[in-house]
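Colleague: Generate the whole structure from the sequences, applying the supplied hints.
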Amino acid sequence: MNQHLSLDSGPNLTWTLRCLEPAPGSPAAVVDRVMPATVPGHIHTDLLREGLLVDPCVGDGESAQDWVGRSRWQYSCDVEYRPNGGEATDLAFDGLDTFATVELNGRLLGRSDDQHLAHRWDVSDLLVPGVNRITVTFDSAFEAAAALEEEVGPLPRPDPYRDPYPFVRKMACNFGWDWGPRLPSVGIWRPARLHARGSARIAGVRPVTSFVGTAHAPASAVVDLHVDLDLGAASGSSAVASGLVVRAVLRDPAGGVVADRELQVPADPPSVDAAVIALTVASPELWWPVGLGGQPLYSLETSLIEAGRLIATDRRRIGMRHVEVDETPDERGVSWALRVNGRRVRVRGYNWIPDLPFPNDVSAERLTERLDQAVAGGANLLRVWGGGHFAFDDFLDGCDERGLLVWHDFLFACAAYSEDEHTVASVRAEAEQAVTRMSSHPSVVLWCGGNECVWGWQDWGWQDTLQGRPWGAKYYTEVLPEVVGRLAPTTPYLPNSPWSGGLDHDPEDQTTGPVHIWDVWNKVDWTHYRDWDPRFVSEMGWCAPPTFATLRRAVPEGELLPGNPRLEHHMRAFNGMENLARGIDAHFDAPVDGDDWIYLTQVNQARAMRAGVEWLRSREGCDGVIIWQLNDCWPALSWAAVDVDGLLKPAWYALRDAFADRLLTLQPATVGDEWGRQGVELVAVNDGPRPWLLDVVVRRMSVDGRELARAEVALETAPDGTCRVRLEGAVAAVGDPRTEFLVADADGLRSVWFFRPDREVAAPRPTMETSVSVVGDSTAVVSVSAVTLLRDVSFFPDRAALAAGLPARSVSVDRMLLTVLPGETTEFRVEGLSPEAVAALRIELTCSPLLRAVGDGRNER
Numbered sequence: 010m011n012q013h014l015s016l017d018s019g020p021n022l023t024w025t026l027r028c029l030e031p032a033p034g035s036p037a038a039v040v041d042r043v044m045p046a047t048v049p050g051h052i053h054t055d056l057l058r059e060g061l062l063v064d065p066c067v068g069d070g071e072s073a074q075d076w077v078g079r080s081r082w083q084y085s086c087d088v089e090y091r092p093n094g095g096e097a098t099d100l101a102f103d104g105l106d107t108f109a110t111v112e113l114n115g116r117l118l119g120r121s122d123d124q125h126l127a128h129r130w131d132v133s134d135l136l137v138p139g140v141n142r143i144t145v146t147f148d149s150a151f152e153a154a155a156a157l158e159e160e161v162g163p164l165p166r167p168d169p170y171r172d173p174y175p176f177v178r179k180m181a182c183n184f185g186w187d188w189g190p191r192l193p194s195v196g197i198w199r200p201a202r203l204h205a206r207g208s209a210r211i212a213g214v215r216p217v218t219s220f221v222g223t224a225h226a227p228a229s230a231v232v233d234l235h236v237d238l239d240l241g242a243a244s245g246s247s248a249v250a251s252g253l254v255v256r257a258v259l260r261d262p263a264g265g266v267v268a269d270r271e272l273q274v275p276a277d278p279p280s281v282d283a284a285v286i287a288l289t290v291a292s293p294e295l296w297w298p299v300g301l302g303g304q305p306l307y308s309l310e311t312s313l314i315e316a317g318r319l320i321a322t323d324r325r326r327i328g329m330r331h332v333e334v335d336e337t338p339d340e341r342g343v344s345w346a347l348r349v350n351g352r353r354v355r356v357r358g359y360n361w362i363p364d365l366p367f368p369n370d371v372s373a374e375r376l377t378e379r380l381d382q383a384v385a386g387g388a389n390l391l392r393v394w395g396g397g398h399f400a401f402d403d404f405l406d407g408c409d410e411r412g413l414l415v416w417h418d419f420l421f422a423c424a425a426y427s428e429d430e431h432t433v434a435s436v437r438a439e440a441e442q443a444v445t446r447m448s449s450h451p452s453v454v455l456w457c458g459g460n461e462c463v464w465g466w467q468d469w470g471w472q473d474t475l476q477g478r479p480w481g482a483k484y485y486t487e488v489l490p491e492v493v494g495r496l497a498p499t500t501p502y503l504p505n506s507p508w509s510g511g512l513d514h515d516p517e518d519q520t521t522g523p524v525h526i527w528d529v530w531n532k533v534d535w536t537h538y539r540d541w542d543p544r545f546v547s548e549m550g551w552c553a554p555p556t557f558a559t560l561r562r563a564v565p566e567g568e569l570l571p572g573n574p575r576l577e578h579h580m581r582a583f584n585g586m587e588n589l590a591r592g593i594d595a596h597f598d599a600p601v602d603g604d605d606w607i608y609l610t611q612v613n614q615a616r617a618m619r620a621g622v623e624w625l626r627s628r629e630g631c632d633g634v635i636i637w638q639l640n641d642c643w644p645a646l647s648w649a650a651v652d653v654d655g656l657l658k659p660a661w662y663a664l665r666d667a668f669a670d671r672l673l674t675l676q677p678a679t680v681g682d683e684w685g686r687q688g689v690e691l692v693a694v695n696d697g698p699r700p701w702l703l704d705v706v707v708r709r710m711s712v713d714g715r716e717l718a719r720a721e722v723a724l725e726t727a728p729d730g731t732c733r734v735r736l737e738g739a740v741a742a743v744g745d746p747r748t749e750f751l752v753a754d755a756d757g758l759r760s761v762w763f764f765r766p767d768r769e770v771a772a773p774r775p776t777m778e779t780s781v782s783v784v785g786d787s788t789a790v791v792s793v794s795a796v797t798l799l800r801d802v803s804f805f806p807d808r809a810a811l812a813a814g815l816p817a818r819s820v821s822v823d824r825m826l827l828t829v830l831p832g833e834t835t836e837f838r839v840e841g842l843s844p845e846a847v848a849a850l851r852i853e854l855t856c857s858p859l860l861r862a863v864g865d866g867r868n869e870r
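Per our numbering: the sequence shown = residues 10 to 870.
These are computed hints drawn from the structure, not numbers from a lab.
Hints may contain errors.
Stated by the list, open to error - Each pair of labels, with its calculated beta carbon distance range:
#  : residue 1 : residue 2 : range
1  : Pro33     : Glu566    : 25 to 35 Å
2  : Gly814    : Ser792    : 22 to 32 Å
3  : Pro479    : Pro746    : 48 to 58 Å
4  : Arg708    : Pro338    : 36 to 46 Å
5  : Gly744    : Ala678    : 16 to 26 Å
6  : Glu59     : Trp684    : 55 to 65 Å
7  : Glu59     : Thr486    : 41 to 51 Å
8  : Ala291    : Pro844    : 52 to 62 Å
9  : Gly572    : Ala73     : 18 to 28 Å
10 : Arg171    : Val734    : 50 to 60 Å
11 : Asn584    : Asp381    : 45 to 55 Å
12 : Arg495    : Asp602    : 55 to 65 Å
13 : Asp786    : Gly757    : 25 to 35 Å
We put the beta carbon where it would ideally sit given N, CA and C, even for glycine.
Modeller: Put into structure tokens, the structure is as follows:
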């Protein structure tokens, strides 16, 4: 059987690292220093471990890293090799970041200039018995990008991004983004190995599934298993003359064999060939998105047998599902909806960025936590954004297991790209490797050509700069759809996001295709989300700081207020601080201190996301909303719902509620009526698989706690349905919009509607009574009784943890952002506090911002 010797760092193999040519600004200690290196890994991480870099996440430490990406580096290792019967042996690297020269025993094997490509070289004639030296030398991506820009000419990209990232096939966000640091990574960033492959190896396995019968309950499935074979070492040999056999065994989720077939490979094949084996499955168990059914996974084992001897095996899991994009013309234009197993899936999603600047630093525990936070936050889809890297298999395995759909961009983002022959070949090779590797994952339901590239060409003035030069259209309309159509023919392809059907169409056309909503954050108040009525939204977001604990870790000095240069260093959004101030000013009085500023910006983000998502989900013609963004890669003031330390921002709680399978919401009856002046509707949205019957109590209330009118409304909402009723009569007869609001309650859900921003609401000073009780050894129940109207009452577990001298991550709370009416009592369940910490917390509640309510007395009129 083919054997491989891992070249990853471990007890039996040591890689070393040295700086061959230090760039200006390099510390003296790095010169001529040989240090241990981690493979797979990144040079920045090794330097941090050696004490040669300061933490880029703290203060302005990022600014001290520039020399790393401008220097020249070399990895080395000595590996013991013992010949194995004359079998052909390859040296394989799954990823080199980025401009690398690879040598074995002083002999050049090849070069890499694409971070996203795997490489393999036949080293059978170069290996010697005993010790062999492997070296990998990395040149500066900065220097390479600058040289290519000079050769090709300038290519448009977003104005704040000064580095020419479109010229190199490398993570674009390495060079800085509007939510991330400028830390261009370097290193052997994916696993490496010596692979004794003998006469043949399995180069790739692609299952392509079709169904007989209805999409939601097929009678059978046929898995056409495409097995790519590398037979180069066997060409013309007597071993091939004896024949190769490909065997495929498919087991159901319980482990029973449902298909077992063999295929004889013809003698004297070409150097690379493919075998196709058809596996039939009766009554297949379908894989469904979360909330709509289970996620059964079949086990597939593919073997390569030579003369009765097993020489290679591939094992993976697959799921049986049918996916399509429904683009049906209607009275508004053309729909754009994902269908899985024949059922429309109204998408509730988050955009996913690289979870840390250096991908190999993301632990299995961290990834598990983040995917669980996505599901708990109401998601049924993650969109892997095109400025990062192709998703690792452990990410996709986690999505397969949880029923999280994956929309995956190819790696183009917000820029024009050269279409020279070499780059086209690299992009095609990247796509072929990625699509082949990911084709077995049922979670991958859409490939997208790139992010905002067509939009940039159409609307951002690029054509004046390009003057007719190519800008990337070839990738989105020719290269990438051909690769997907050939290698994953049952997975839909979208040329770009946003997109409305063609290069000559406005990509932000709301009558068809996915749009991005960014004018709201950039220009106006979040209430203007209600001006939009699109078919699908693949990006929209509102910015806010991370949790207090994370922000204070990143900015240990000075007030946490605008004007602190270290705090502003962690805001990368264009006009970000100005936009935050504009957002506060539209709804609240000016913050009085740093605690106030953090709270108000976070609440404003939460309200913006709740308002936008609930409005769009209430529109029957909108088939999906994907929020920008779920996660952060460093302690940023960003659009994330979960900060880099894994702590939940208030927006996560708001989105969890807004993304619930069953949503009860009060909304304007008219598009563009931001405050419901022309009437309000009660809307129930049911994304679940069963009907939803609910009796809703709607009240018109005074801010002093009096009930002014009441109506009881019965709603019946079908699965994948929406039910709406316009409020009429006394409950809709608003007298003074500054002192009145609506509240709807049913099935433990509550929706509130105010007719004016907080700063215009004539509410009494918020007053509450609180108590804390202990439940068990590490749980506290914080009880809040409202004496007056309370809005967005929140308990901040990171602050409680810090007050108790505990790590911020050790304390959690079950909910936030509650509206509590006078006379009502609500509870927060807090996990992670000892009885002693609870006793201290009881004192803290009355004199710290652990509990906050919007207004704090400043809304009195």
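Colleague: Next step is simple, just say for each hint if it's right about the structure.
Modeller: Verification of the supplied hints:
1. Pro33 with Glu566: 25 to 35 Å: Because 28 Å falls inside the window, the suggested range holds.
2. Gly814 with Ser792: 22 to 32 Å: With a Cβ separation near 24 Å, Gly814 and Ser792 satisfy 22 to 32 Å, so the hint holds.
3. Pro479 with Pro746: 48 to 58 Å: 55 Å, holds
4. Arg708 with Pro338: 36 to 46 Å: Given a distance of about 42 Å, which is inside 36 to 46 Å, the answer is holds.
5. Gly744 with Ala678: 16 to 26 Å: Cβ of Gly744 to Cβ of Ala678: about 19 Å, so the range 16 to 26 Å holds.
6. Glu59 with Trp684: 55 to 65 Å: For Trp684 against Glu59, whose Cβ atoms are near 58 Å apart, the range 55 to 65 Å holds.
7. Glu59 with Thr486: 41 to 51 Å: 47 Å, holds
8. Ala291 with Pro844: 52 to 62 Å: 58 Å, holds
9. Gly572 with Ala73: 18 to 28 Å: 23 Å, holds
10. Arg171 with Val734: 50 to 60 Å: 53 Å, holds
11. Asn584 with Asp381: 45 to 55 Å: Because 34 Å falls outside the window, the suggested range is violated.
12. Arg495 with Asp602: 55 to 65 Å: Cβ of Arg495 to Cβ of Asp602: about 60 Å, so the range 55 to 65 Å holds.
13. Asp786 with Gly757: 25 to 35 Å: 28 Å Cβ-Cβ, so the 25 to 35 Å window holds.
Hint violations for this structure: number 11 only, all remaining hints satisfied.
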